[in-house]
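**Student:** These protein sequence lines map, in sequence, to chains A, B, C, D and E.
To convert, count from 1 in the first sequence and add 1; that's the numbering used here.
To convert, count from 1 in the second sequence and add 468; that's the numbering used here.
To convert, count from 1 in the third sequence and add 24; that's the numbering used here.
To convert, count from 1 in the fourth sequence and add 29; that's the numbering used here.
Note that the numbering used here numbers the fifth sequence so that position 151 is 136, with each residue one more than the last.
By construction, these hints were calculated from the structure, which means they are not laboratory data.
Built from N, CA and C at the ideal position, the CB exists for glycine as well.
One or more of the hints may lead you astray.
[What the hints assert, rightly or not] Listed below are the simulated PhoX-like cross-link pairs for lysine-lysine, each with C-alpha atoms no more than 20 Å apart in a straight line:
#1 B:Lys502 - C:Lys145
#2 A:Lys44 - B:Lys637
#3 A:Lys81 - A:Lys58
#4 B:Lys698 - C:Lys96
[What the hints assert, rightly or not] Residues of chain D placed beyond 12 Å of chain E at every Cβ, according to the derived structure:
#5 Ile56
#6 Gly70
#7 Asp129
#8 Val131
#9 Thr150
#10 Ile165
#11 Ile175
#12 Val180
#13 Ile188
#14 Tyr207
#15 Leu340
#16 Val356
#17 Leu391
#18 Phe401
Listed here are the chains, written in short residue letters.
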Amino acid sequence: MAWINKNWTMLGIVKGLIVTMKHMLRIGNRPTVTVQYPYQKMKVWPRFRGLHAVDEKACIGCGICEVSCPNGTIQIVKYKTRWYPQVNVGMCLFCGLCVDACPMNAMKMTGNYELADYTRESLVYGPDRLLFNKEVEQ
Amino acid sequence: MKTEELLINMGPVHPSTHGVLRFKLTMDGEIIKKCEIVMGYLHRGTEKLGEMKTYLQFVPYTDRLDYISAFPNNYAYVKAVEELAGIEVPLRAEYIRVLTLELNRIVNHLVMIGSLLLDLGGSTMIMWGFRERENALQLFEMLCGARMTFNYIRPGGVREDLPEGFMPKLNEFIKDMEHRIDDYEELISGNEIFMMRMKNIGVLSAEDAISHGMTGPSLRGHGVNYDIRKIEPYSVYPDLDFRACVRNECDSFARYMVRIDEMRESLHILRQVVDAMPEGKPASQAKYGIAPLTGAPTAVSTYFPRIFTPPPGEVYSRIEAPKGELGFYVVSDGTIKPYRIKIRSPSFCNLTAIPKMVEGLMIPDLIAAFGTIDVVLGDVDR
Amino acid sequence: MNPAEEIKQLFPGSVVSTGIQTNKPMATIKKEDLLIIAEKVKEMGFDNLSLITGIDYRDRFEIIYNFFSYAKKQNLVLKVVLDHDKPEIDSLESHWKVADWLERETYDLVGIKFRGHPNLKRILLPDGWVGHPLRKDYDMSVDQFVTLGEDGEDIVSTDGSNLLRR
Amino acid sequence: MLSLAMWTGDIMFPNAYELIVYILNFIGLYEPINNIFKTLGIEYVLRIIIVLVEIAVLVVFALLTIMFLTWMERKVVAMVQARYGPMVTGPRGLLQPVMDGVKLIGKEDIIPAKADRWVFTLAPFIVFIPALLIFIPLPFGESLIISDLNVGLLYIIAISAVSPIAILLAGWASNNKYSLMGAIRAVAQDMSYTIPLALSAIAIVLFTGSLSTVDIVSAQNGTWFGFIPKWFIFLQPLGFLLFLIASIAEMGRIPFDFQESEQELVAGFFTEYSGMKFAMFFLAEYAHLFSVSAIVVTLFLGGWSFPFLNLLPAGLVPLVSFGIFLVKTYVIIFFAMWLRDTVPRVRIDQLMNLGWKIMIPLALLNLLATGFLLTAGVF
Amino acid sequence: MDPLTIDTTKIKITKKKPVTALDKLNDTGLISTVLAAREREGLILFSTIDQVFNWARLSSLWPVTSGLACCAIEMMATAMAHHDVARFGMEIFRASPRQADLMFVAGTVTKRMAPRVKQLYEMMAEPKWVISVGSCANTGGPYHDSYSVLKGVDLIIPVDVYIPGCPPRPEAWIYGIIQLREKIKNKGYGAKWGLNK
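The following block holds chain A by itself, in its conformation from the complex (with noise of 0.2 Å):
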């Protein structure tokens, strides 16, 4: 009779049930939590990691970012008579090391992360698009 009552009475799956039904009725703060994307978006983080952004008056050209870069992502390469970085989006860690590393402040990194694309070739981030404008921003 143990026997059955542990392995036949089925009060766990009972039990379980009563769990979904309540999660199905949205009882006892259960509510749904999808955020429907393109229409809402979740709250990025300041701090969050996305596309990286250069100061267009602070940077230098150091190319600090690009030695502290582990893989090689940032190629130094002249834009409009200076020198600017040029993240290759598509291989890059977002792992921030650039942004830790610059000694001007220049480099950021946004909270944009759309950054889907058809080509492998458009994930090349030259300057033209990485560079913003501080006093213009604000």
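Based on the hints, put chains B, C, D and E in the right spot on chain A.
**Tutor:** Chains B, C, D and E only, in chain A's frame:
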């Protein structure tokens, strides 16, 4: 009756091998006669890469070993480097580290229980597990800007201090988590079908488990009270009140229950950490722990007075990761790059026990036993 | 008592030196006597073999065994020095089951042969891979590709024309 | 005018054909049409046309039901798991199943090189057609039945025994180990669960003395003490439980989904199928879900009958009873989906143990007790 | 404002990306290639039917369950409650490649795994699409220097959409999926038909 043995290849792409592992099974009908594990499908050469990067550049690579619980990986490596270089870490940094470690332990166990149930055919638990995981990942993102690959713990401390509004959110998470674990237990722990699938399946004696090098929660399900946090205390664990969760049944169910107990225990630790969080700096020197201190050329090395170079030596340092004993063997020759990095990954050693565990069982049992061992392929193949 | 010293007392002839490696007792032993010492180490209660590390020092190989005892809560490190030309050592597979894979991994990546190992094959890299990557003289410039054979086994070659798209 | 006439008379037709003829007759269309065919000397064509219309309605109904079921399944799962489910395609994702179907039609149809081409192509049809054939003796409502076979129950059990053979064909023809194992499992499971299924159905037949589904439903018409409906679930609680478990096993759903068992056998016996052939298995699965639930309702929950249904105007009864039948069926389907979201899968040998060692003895015991009590005149 | 305390989420970067997939294809001059390919197959005739089929295809993309590494965990997270890819009708992860339309190459493609990934792709039934996710699959990423990692999955199979990130967060996945839907809406068939060559 004449029967023929059937050779079945599970993997490398198979829904329940948690990635790219391959089982070569010799079957007698539904019974497994022999199980051979073939791996290396995710061998990325991390150890070789470690010899090519500077000490700080290697920290992001540790994130990608055991990608479900990256903080313990970060910490194990950083602990080895700190022991090698003799760096003192401020108390606040240690508390923040313990906070992240325990939070990550909960995340890891949530994923493990979820995928175990998914393998057994229950699709609900993984959704619930990932729902809570997502809340924890929000905390991680708030703290260090990434969801899975953190690069947060650095030699000498942590990258940044706790952000504003972190503690209230953490408290909310802890409070929420309490009754979520009750939900999980109601859904699965008492379920008769789950018990039928798990009890007396994948039994291995404690001696065999030790000989096969099992560690962590998987070993504690075999009645061996072994927790590195207790035996070789590191960080601020000696100041915290917790117990190592041990079960004696030596089967899959025991290994699963250890995980549930550990989640509650981790919540207990988290509550203490929140209360005891000291004031202070998050890193030992101003730019010591947070700047990458890479092998920059001489022209700019005036800006970086010190490139991080530990003295020559060897160190083996290990911690209790959510999956077991995680150790880093670091050899330094006094240059800016490590001479050799060897990773003792818990998944790799725990996996050695599987062939012995599943002999004479069926494929569904193999899946159940494999799920409770909690293996991540990035950690196995490195 | 320090287990490394204990071993030195038991086998004075085979222990080259003892010391401390970051608060773990360490003994450097001769490679011929590894099996005898390992047996003794197992008797002393070191039931957990945590790690086998092989290191290439260009002129020599070093193998480092990390042991742990659950009963005594003690650590022990054994270090063995091997020749660079012919790195061979006895296998510990019969004493610690975990050594099976750890040795295979060391063989695979560092290229140290283990005598008496029942199944000494590559474990992480496919059979037929040329070179042992964790050796310092491993040639990184050669790309090796893997293709599938008839029965789904790996075939390694430097020619990726079957695999690559263009 | 129609409803007035039906209000007055207590009309019940043996099947839907008669109902259609009656309605046509009533609105005065049947005679002229029939005369046209008569002058041509082909009256049987009209009969065939009416039957074809019935079949067309049935097939459309079945396909719509299947589509709705796939949508409902995904929504119920989503509800349990604190999310929304399909949302983007159509309002609340209602067009999702249509899109899935259209996509599968447009997909490449692969036949593996080493497969047995003829058997491989044949198998999905052998699965799909019986799944629709089961609908024939189902009483959807008063007078709403394609054909009231006097061996209806036997027919249902016989037809549902065809699908294991087709599954075996599919698994064998694919020339894939996972497919073969999935097929063998599915067949073993279907075989062993048909027995308790049939045994507990026989206990019902003891009460009614007829295998006809219409007789079974009408035997459950009425109430005890004026409020308890005369459903067989109250006379046969054990039989109901056994039948429900066995029918969930017949449907091949979690906790008994060995045909598929994704985590063990990739996709079971249809691992190698793609495109429309795969869609046929998919559709057959959901057709089974509906038909088996409908059989549970017919046998144990009174079919379309409901207390005080006879108080309604007679013209409304077919429609209302159809609604009642659907509601009851969907309750059972919902239960199956709810169960699916709660429990993991059992192991194949545990499934066999449950079937042979527990359910069959219990079913026999149930049958014996029922017979004994009937003979003793307790019921 | 002190540069240290600047809120990085507020920084807007002007994207010079084409607005839709069609622009993109026009930009790169690939559209003529596509049209030529489609004319060869005679598919240009029934353009309305084609549109209906394309709508169906983009609405029910069933991915194949093939996680390789870290990104696979984020793939699971994308399918889970908070992000719920089921809204796009994509929650049916088929374990069998025959029944799948879309392959996420989610993680590092090692040299040893590469032929198997290729085989998996070849086993899928037409029409099929590939999304390469994460730095490892895009270019080799962190393991670009490694001896055992393939430097980009597009070396072995054609890729339709690249999603950068390491790993990309679930919203980035869904953004990539939306890009793919856009592409299917305009062009129907995937990279094998001449796009991205």
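**Student:** All hints, please: hold or fail.
**Tutor:** Checked hints:
{"no.": "1", "hint": "B:Lys502 - C:Lys145", "verdict": "holds (18 Å)"}
{"no.": "2", "hint": "A:Lys44 - B:Lys637", "verdict": "holds (14 Å)"}
{"no.": "3", "hint": "A:Lys81 - A:Lys58", "verdict": "holds (13 Å)"}
{"no.": "4", "hint": "B:Lys698 - C:Lys96", "verdict": "holds (14 Å)"}
{"no.": "5", "hint": "Ile56", "verdict": "holds (38 Å)"}
{"no.": "6", "hint": "Gly70", "verdict": "holds (43 Å)"}
{"no.": "7", "hint": "Asp129", "verdict": "violated (4 Å)"}
{"no.": "8", "hint": "Val131", "verdict": "violated (4 Å)"}
{"no.": "9", "hint": "Thr150", "verdict": "holds (15 Å)"}
{"no.": "10", "hint": "Ile165", "verdict": "holds (30 Å)"}
{"no.": "11", "hint": "Ile175", "verdict": "holds (32 Å)"}
{"no.": "12", "hint": "Val180", "verdict": "holds (38 Å)"}
{"no.": "13", "hint": "Ile188", "verdict": "holds (27 Å)"}
{"no.": "14", "hint": "Tyr207", "verdict": "violated (9 Å)"}
{"no.": "15", "hint": "Leu340", "verdict": "holds (44 Å)"}
{"no.": "16", "hint": "Val356", "verdict": "holds (27 Å)"}
{"no.": "17", "hint": "Leu391", "verdict": "holds (35 Å)"}
{"no.": "18", "hint": "Phe401", "verdict": "holds (50 Å)"}
Against the hints set out earlier in the document, violations occur for numbers 7, 8, 14.
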